[in-house]
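A.B. asks: Sequence:
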Amino acid sequence: MKPYSKRLLPLAVAAMLIGTIIRLIAPVLIGNTIDEAIRPGNWTLLMWITIILAGMYAVQWIANFFRIKWINQVGQYVIFDLRRDLFNHIQRLSHRFFDQRSAGSILVRVTNDVHSLQELFTNGVINLMMDTVMLLGIITILFIISPELTIAIMVVLPIMFYISTNLRKKIRRSWQVVRLKQSTMNSHLNESIQGIRVTQAYTQEYENMDYFSDLNKDTFDAWDQATRKSAKFRPLVELSNAVGTAILIWYGIYLIDTTAFTIGNFVTFATFLGMFWEPISRLGQIYNQLLMAMASSERIFEYMDERPSVPEKKNATSLGDIEGDVRFDKVEFSYDETRVALHEMDIHIKPGETFALVGHTGSGKTTIVNLISRFYDPTKGRVMIDGKDLRDVTLDSIRSQVSVVLQDTFIFSGTIMENIRFGEPNATDEEVMEAAYQVGADQFIRELKNGYDTEVEERGNVLSVGERQLISFARALLADPRILILDEATASIDTETEQIIQHALKTLLKGRTAIMIAHRLSTIREADKIMVLEQGRVLEQGNHDELMRHNGEYYRLVCAQFNVLEAG
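In our numbering, the protein residues as written are 5 to 572.
Mixed in with the good hints, there may be bad ones.
As the list claims (entries may be wrong) - With a cut-off of at most 30 Å between alpha-carbon atoms, the simulated DSSO-like pairs for lysine-lysine come out as follows:
1. K173 / K185
2. K354 / K514
3. K514 / K392
Said to hold, decoys possible - Label-pair ranges, simulated between beta-carbon atoms:
4. G418 / T136: 45 to 53 Å
5. V466 / D325: 33 to 41 Å
6. W227 / R96: 32 to 40 Å
7. E211 / A18: 54 to 62 Å
8. F84 / E435: 33 to 41 Å
9. G199 / H99: 17 to 25 Å
10. R343 / R395: 16 to 24 Å
11. N430 / H99: 20 to 28 Å
12. R560 / F84: 53 to 61 Å
13. R96 / E550: 42 to 50 Å
14. S313 / E550: 33 to 41 Å
15. D400 / E435: 14 to 22 Å
Think of the hints as simulated: they come from the structure by calculation, not from any bench. Just so it is clear, CB atoms sit at the ideal spot from N, CA and C, and this is done for glycine as well.
Based on the provided sequences and hints, a complete structural model is requested.
C.D. replies: Structure below.
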């Protein structure tokens with residue numbers, strides 16, 4: 005149990021019990037006052053009972069104040085921990101998890117679903133305990149006052165229980181549908197915002213509006229159905245209350261005329277009967293909260309139960325300082341059971357070597373670099389760095405020495421300095437600036453209004469594609485990796501920027517193992533080795549000159565790119 009639960013939860017429960025006991029004592033005291041003080045005209049006793057009641061209600065107010073205060077604190081701590089634990093768990097999941105889910109659906113789990121649990125933890129749990137104690141106390145007192153009258157009124161309970169049992173199953177299913185519809189809508193909303201430029205470029209705004217309108221309508225209809233079913237519970241309680249009150253008036257007057265049942269007993273019984281339906285009604289509301297929370301918790305713990313597809317062994321060791329020797333030993337890999345991405349791949353990349361991968365989309369280039377970074381594990385065979393199987397070493401020790409620069413550069417909200425420092429959080433400002441200088445980013449950064457302190461929004465929309473690429477280069481190089489992966493990193497850069505990067509790479513890649521993927525074949529002319537892939541198999545390999553003399557697939561790709569393809 006968390007420290008705050010050990011400290012605050014018992015206090016909240018104690019305050020709840022004090023307030024509930026006072027609520028149960030007060031009607032009994034009022035009934036006795038009618039019989040013992042008001043009817044006989046004992047005004048002194050009436051004054052003392054009034055003072056006692058005032059003191060009891062003051063204590064009840066104080067107890068309720070601290071109950072609400074403490075239980076809200078516990079609830080907020082629980083939600084804080086749950087949101088943090090869920091986010092931390094998602095951060096550790098493998099790439100396969102994110103490949104199979106949209107960003108919007110993940111966002112819903114961390115925000116909406118966690119929020120739906122907040123009301124349950126802040127009020128629902130303690131109210132459930134309070135109303136249960138209250139209900140048991142009321143039933144006990146009613147039986148003490150008049151067993152026969154209590155039994156007569158309780159006749160309506162089995163009917164109410166039967167109807168509510170059937171209702172709750174339908175209500176739970178309805179709230180599950182609501183969560184599913186919300187997730188779909190929010191997922192589309194997230195994608196629409198991120199892809200707004202493409203939407204506007206292809207004039208698909210109205211189609212997108214219509215589609216979102218349909219999703220919004222589906223969500224509204226699901227909410228409407230769920231709330232309609234939930235709303236049926238309270239009228240059921242009120243109907244039972246009306247029937248119980250009618251029985252009380254009819255049978256209670258009869259008991260006053262024929263037995264020792266007093267007016268004070270009648271008032272006390274009527275008060276408790278009114279109180280009896282109150283916790284039942286609230287329990288119905290809490291039950292609706294519980295159903296909503298259960299639907300959300302199922303979705304949350306579906307993620308929490310998700311295990312990384314790239315697990316780290318308990319006895320995994322650190323990779324240690326490496327030379328940068330990379331080897332694939334008969335590696336096969338499949339993203340799913342139907343699609344094989346690599347077929348018995350044998351690769352050897354020597355330390356300090358620049359190794360280029362070439363091939364059409366889907367040939368296996370990105371799969372290879374994903375395996376080197378251990379974003380995935382091979383289906384068969386071994387991927388090794390310096391002779392160590394990556395499955396036997398810690399993930400942190402791999403990724404601290406392997407930097408990846410992707411074509412789709414991601415810039416985080418914050419300053420340019422913070423974005424570059426993402427590669428090495430402990431780097432000094434001078435080291436950040438030096439990394440930017442080496443990749444040719446220092447000049448354009450200093451020309452900005454606030455230089456390195458310039459604020460950029462998510463994805464760096466205020467920067468050009470080339471500028472974002474240069475920041476990504478600086479970020480990777482600041483980490484000082486032994487292995488540098490450039491996954492089509494220069495495909496979207498203009499010619500002038502490409503020349504800046506190519507000039508920097510000659511120095512920066514010296515002494516490092518580099519794996520490069522590029523559609524612009526001019527960027528890999530000086531690579532030590534070039535491997536040409538097709539559908540997960542090696543077609544040919546060698547350096548640029550060797551492959552050009554071979555007149556194979558690489559030769560045709562180069563000629564096609566430079567529009568000098570010869571007939572035959």
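A.B. asks: Please go over all the hints and tell whether each is borne out by the structure.
C.D. replies: Hint by hint, here is what the structure shows:
Distance hint between K173 and K185 is fulfilled; the C-alpha atoms sit about 19 Å from each other, no more than 30 Å. A distance of roughly 13 Å separates the Cα atoms of K354 and K514; the hinted pair therefore holds under the 30 Å criterion. For the proposed pair K514 and K392, the alpha carbon gap of about 23 Å is at most 30 Å, so the pair holds. For G418 paired with T136, a C-beta distance near 49 Å keeps the hint of 45 to 53 Å intact.
For V466 paired with D325, a C-beta distance near 39 Å keeps the hint of 33 to 41 Å intact. A hinted range of 32 to 40 Å holds for the C-beta pair W227 and R96, which are about 34 Å apart. Between E211 and A18 the C-beta distance comes to about 60 Å, which sits within the given range of 54 to 62 Å. The hinted range of 33 to 41 Å is satisfied by F84 and E435, whose Cβ atoms lie roughly 35 Å apart.
One distance hint, 17 to 25 Å for the beta-carbon pair G199 and H99, holds here, with the actual separation near 21 Å. In this structure the supplied range 16 to 24 Å holds for R343 paired with R395, their Cβ-Cβ distance being about 22 Å. Hint check: N430 to H99, Cβ distance near 26 Å, so the stated range 20 to 28 Å holds. R560 and F84 have their C-beta atoms about 59 Å apart, which keeps the hinted 53 to 61 Å range intact.
A hinted range of 42 to 50 Å for the beta carbons of R96 and E550 is consistent with their spacing of about 43 Å. Checked against the hint of 33 to 41 Å, the C-beta distance between S313 and E550 comes to roughly 38 Å, which is consistent with it. As the Cβ distance of D400 to E435 is approximately 21 Å, the hint placing it in 14 to 22 Å holds.
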